[in-house]
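Please model the complete structure; the sequences and the hints are all you need to start from.
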Amino acid sequence: MTTPEAPSAAPAERSEPALDAGERTMLDGWLEYHRETLAWKCSGLTDEQLRSAAVPSSSLTLLGLLRHMAEVERWWFTTVFGGEPDVPVYATEEDADRDFHVGPENTYTQALDTWRGELAAARAQAAPHELDELSKGTSRNGQHFSLRWIYTHMIEEYARHNGHADLIREAIDGSTGD
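Under the working numbering, the sequence shown has 100 at position 97, and the numbering climbs by one with no breaks.
It is worth saying that the hints were derived from the structure and are not from the lab.
Backbone N, C-alpha and C define an ideal beta-carbon position, used for all residues, glycine too.
Just so you know, not all the hints are guaranteed correct.
As the list claims (entries may be wrong) - With a straight-line Cα cutoff of 20 Å, these simulated EDC-like cross-link-like pairs (lysine to aspartate or glutamate) come out:
1) Lys-139 to Asp-89
2) Lys-139 to Glu-74
3) Lys-139 to Glu-87
4) Lys-139 to Glu-121
Stated by the list, open to error - Using C-beta positions, here's what the derived DEER-type ranges look like:
5) Ala-127 to Ala-162: 21 to 29 Å
6) Ala-162 to Ser-55: 20 to 28 Å
7) Glu-39 to Leu-134: 15 to 23 Å
8) Arg-17 to Thr-112: 15 to 23 Å
9) Glu-97 to Thr-179: 33 to 41 Å
10) Asp-100 to Gly-120: 17 to 25 Å
11) Glu-97 to Leu-22: 45 to 53 Å
See below:
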């Protein structure tokens, strides 16, 4: 008896990172690849599914991950690198993790539009700068970061959360894929 193959989400329009590019092109490619992966993991589901925590011991959801990454994009590219005021997308003084705390009023369309807006801002912020340039702003403890460090950190952040997204998506509808 054979086990039926698990369904998979519609293939994403993801661009594979170049195998032989220069450093900036490589970093851009890997960051875009991971951004596209998160979008893929969220695609084709209902708002209810996107708000569902697939692991009983966790409240982590795909919608929460998408909102979190909008927050992270803004923090690293706009606030830290660009030096603009820290205006969180979702977080509040009362709930610093509000990006993860989704309710029935939170929709995929809203979160996707917000995330895409933050991606556009991040790309515009990074584009004219060299990898060795230091941030205008600082982290909460006063450190400046090179654009190279921010790219590397963002790739790590997406890769980690895309692993979470893989497991959540598989628990929701059996879809698998890298």
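Comparing the hints with the structure gives:
With a C-alpha separation of about 13 Å, the suggested pairing of Lys-139 with Asp-89 holds against the 20 Å cut-off. A threshold of 20 Å between alpha carbons decides the hint, and for Lys-139 with Glu-74 the separation of about 19 Å falls inside it, so the pair holds. As the CA atoms of Lys-139 and Glu-87 are separated by approximately 8 Å, the hinted pair is consistent with the 20 Å bound. As the CA atoms of Lys-139 and Glu-121 are separated by approximately 18 Å, the hinted pair is consistent with the 20 Å bound.
The supplied range of 21 to 29 Å is met by Ala-127 and Ala-162, whose beta-carbon atoms lie about 23 Å from each other. The hinted range of 20 to 28 Å is satisfied by Ala-162 and Ser-55, whose Cβ atoms lie roughly 23 Å apart. Hint check: Glu-39 to Leu-134, Cβ distance near 22 Å, so the stated range 15 to 23 Å holds. For Arg-17 and Thr-112, the Cβ-Cβ distance of about 21 Å falls inside the hinted range of 15 to 23 Å, so the restraint holds.
Taking the beta carbon of each, Glu-97 and Thr-179 are about 38 Å apart, inside 33 to 41 Å as hinted. Checking the proposed 17 to 25 Å range against Asp-100 and Gly-120 shows it holds: the Cβ atoms sit about 21 Å from each other. A C-beta distance of roughly 47 Å is found between Glu-97 and Leu-22, which places it inside the suggested range of 45 to 53 Å.
Of the hints listed earlier, there is not a single one the structure fails to meet.
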